Amino acid sequence: MWSEKYRPKTIGGMVGNEEARLKLVSWLEKWKPGARAALLVGPPGTGKTTLVHLLAARSGLNLVELNASDARTKEKLSRRIGEVLTSTSLMGERTLVFLDEVDGLSGRNDYGAVEFIKDSIKKSENPIVMAANDPDADQVKKLGEASLILRIRPPPPREVQLYLRMIADKEGLKVDDRTLGETVTAAAGDIRYAVNALQSGAAGVKDVEATAAQAINAFFDAPDGATALKALRSHPGQPRDKIRDLLGSVLKARLDGSDRAKALEVLSRADMLVGRMTRGQDWRLLRYFDSTIAYGIKGALPGERLAYSQDFLPWPLQLRVWNDSKKVKELAAALGPRLSVSQKGHLVEDFPYLMLLCSSKKFRDELARLLDLEEPMVTFLAKESGRWKA
Amino acid sequence: MEGLKIVVGNRFNLPRLGTDVFSALMKAGVDYEKGGGFIFTAETNLQTATRTIESATGERIELSVKCFVCLKESCPSCPFEATCDRCAVSPTCLCDEHSAAEDAFGMYSRNFEARLAE
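As you go down the protein sequences, you meet chains A and B in turn. Residues in the first sequence are numbered from 70 upward in steps of one, following this note's numbering. Residues in the second sequence are numbered from 2 upward in steps of one, following this note's numbering.
Next up, chain A with everything else stripped away, as it sits in the complex (with noise of 0.2 Å):
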């Protein structure tokens, strides 16, 4: 994949923040025990992990790494990274410790995530990295106390053309401005997608469909898994195309129910396992993909016959859902803490009846009001809500 491919290996060969990029790197290169923490602030798929493991390369250090929201509370912090935050090596060797999403940490003072964060800061014998996707949120502006607070914002579209003309050319592509620009338009900041986008278009998309209906045919017919691996890693597309193609193709097929539901929880597997790697930016995971599903497949359907369906939606409307998730996503995100509520919860729960209660304008301006919510949002809820109501 061209977005694996072409993925930075250093910090100057990122596009966009780039004031933002020069002070990470000055801060670290001038920091000693006791000095500030980083925290880099900016909305999902900015490149916010991306930087730190280029600052951690570049500086040499080690890179320590956990997601704040899997240790919300002091306690389970202390156990994972205390330890490292208060020594170094024998060789005197600093790590760069990454506390990814501390948004995401236990808000309540009594289980003392965020204080023990702070204190650690104050402590540390290594340097930490923050990064943090909500600039409103509680724990962002108390960790900002005592952090340097950098912002990560999406690039604008002209260095994210810079960057696909750059790949375009080194892959000896003619591809014109006009058609270039349409990309970056379209990507909205998202360089991966970007990226991915350009490469579908090398491809043509009718040579692609091609060769996945042959790849998927190549893997139900396999013998056996390691056949059938071979088969999906000559799938032109990413995994989640795998994934939507073997879902259509089992969905589709006749199947025994606990079959077709053996079939789907390794589909479901696969589909965590992208689901980890992306948030993580973990693309070491990827090794692993292919096997899940090939050996997954063929352990729970022997001997089934099933052949490649494009059951899915066509594009546009692919494109459509895409674009309208991110902004349910948004809203959730804003509305969920001031209910109490996890993003999720508030998704399974809570929206079915607000977009009931946005069928009236009065209350769609009055929310619009208190979350401080752009035009495009207002339209979209105004749009929705009409749906829901209909």
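Hint data in this document are derived by calculation from the structure and do not stem from the laboratory. Some hints could be false.
Said to hold, decoys possible - With a straight-line Cα cutoff of 25 Å, these simulated DSS-like cross-link-like pairs (lysine-lysine) come out:
1) A:LYS74 x A:LYS243
2) B:LYS73 x A:LYS210
3) B:LYS67 x A:LYS92
4) A:LYS191 x A:LYS92
5) A:LYS321 x A:LYS395
6) A:LYS398 x A:LYS413
7) A:LYS243 x A:LYS99
8) A:LYS143 x A:LYS191
9) A:LYS74 x A:LYS99
10) B:LYS67 x B:LYS28
11) A:LYS210 x B:LYS28
12) B:LYS28 x A:LYS211
13) A:LYS210 x A:LYS78
14) A:LYS187 x B:LYS28
15) A:LYS192 x B:LYS73
16) A:LYS452 x A:LYS413
17) A:LYS92 x A:LYS78
18) A:LYS239 x A:LYS101
Stated by the list, open to error - Far from chain A, by Cβ distances over 12 Å, these chain B residues were calculated:
19) GLY10
20) ARG52
21) ARG61
None of these values were measured; they are calculated from a predicted model. Idealized CB from N, CA, C, for every residue including glycine.
We have chain A already, so just place chain B on it with the hints.
Just chain B now, with coordinates in the frame of chain A:
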């Protein structure tokens, strides 16, 4: 509504708008220097800051950013001028010359590395 142009990284002056507005701007990360005026930086919450100024002055803010390589203002002739949300994206970009140059990405990266070495 009149327009007021603000270039991120350049100082600008505002009429006296009262302590509440001043305090809101400081909270949004706007820098101020007596005699020099206000300045939007990379740490400024551009959305909040522009909204605060717009509602206090009644003027529409036209936000513009500079080229990272040559520090010239880069927005006016940009092909993405109409679609770029300048309050949301990172506040430096590239001008026509430095985005269209041969090996533009290499030039951009080398420039970054040079600044890093300073």
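Checked hints:
no.	hint	in the structure
1	A:LYS74 x A:LYS243	19 Å, holds
2	B:LYS73 x A:LYS210	34 Å, violated
3	B:LYS67 x A:LYS92	18 Å, holds
4	A:LYS191 x A:LYS92	20 Å, holds
5	A:LYS321 x A:LYS395	28 Å, violated
6	A:LYS398 x A:LYS413	9 Å, holds
7	A:LYS243 x A:LYS99	45 Å, violated
8	A:LYS143 x A:LYS191	16 Å, holds
9	A:LYS74 x A:LYS99	32 Å, violated
10	B:LYS67 x B:LYS28	24 Å, holds
11	A:LYS210 x B:LYS28	12 Å, holds
12	B:LYS28 x A:LYS211	15 Å, holds
13	A:LYS210 x A:LYS78	32 Å, violated
14	A:LYS187 x B:LYS28	22 Å, holds
15	A:LYS192 x B:LYS73	43 Å, violated
16	A:LYS452 x A:LYS413	22 Å, holds
17	A:LYS92 x A:LYS78	19 Å, holds
18	A:LYS239 x A:LYS101	41 Å, violated
19	GLY10	9 Å, violated
20	ARG52	9 Å, violated
21	ARG61	14 Å, holds
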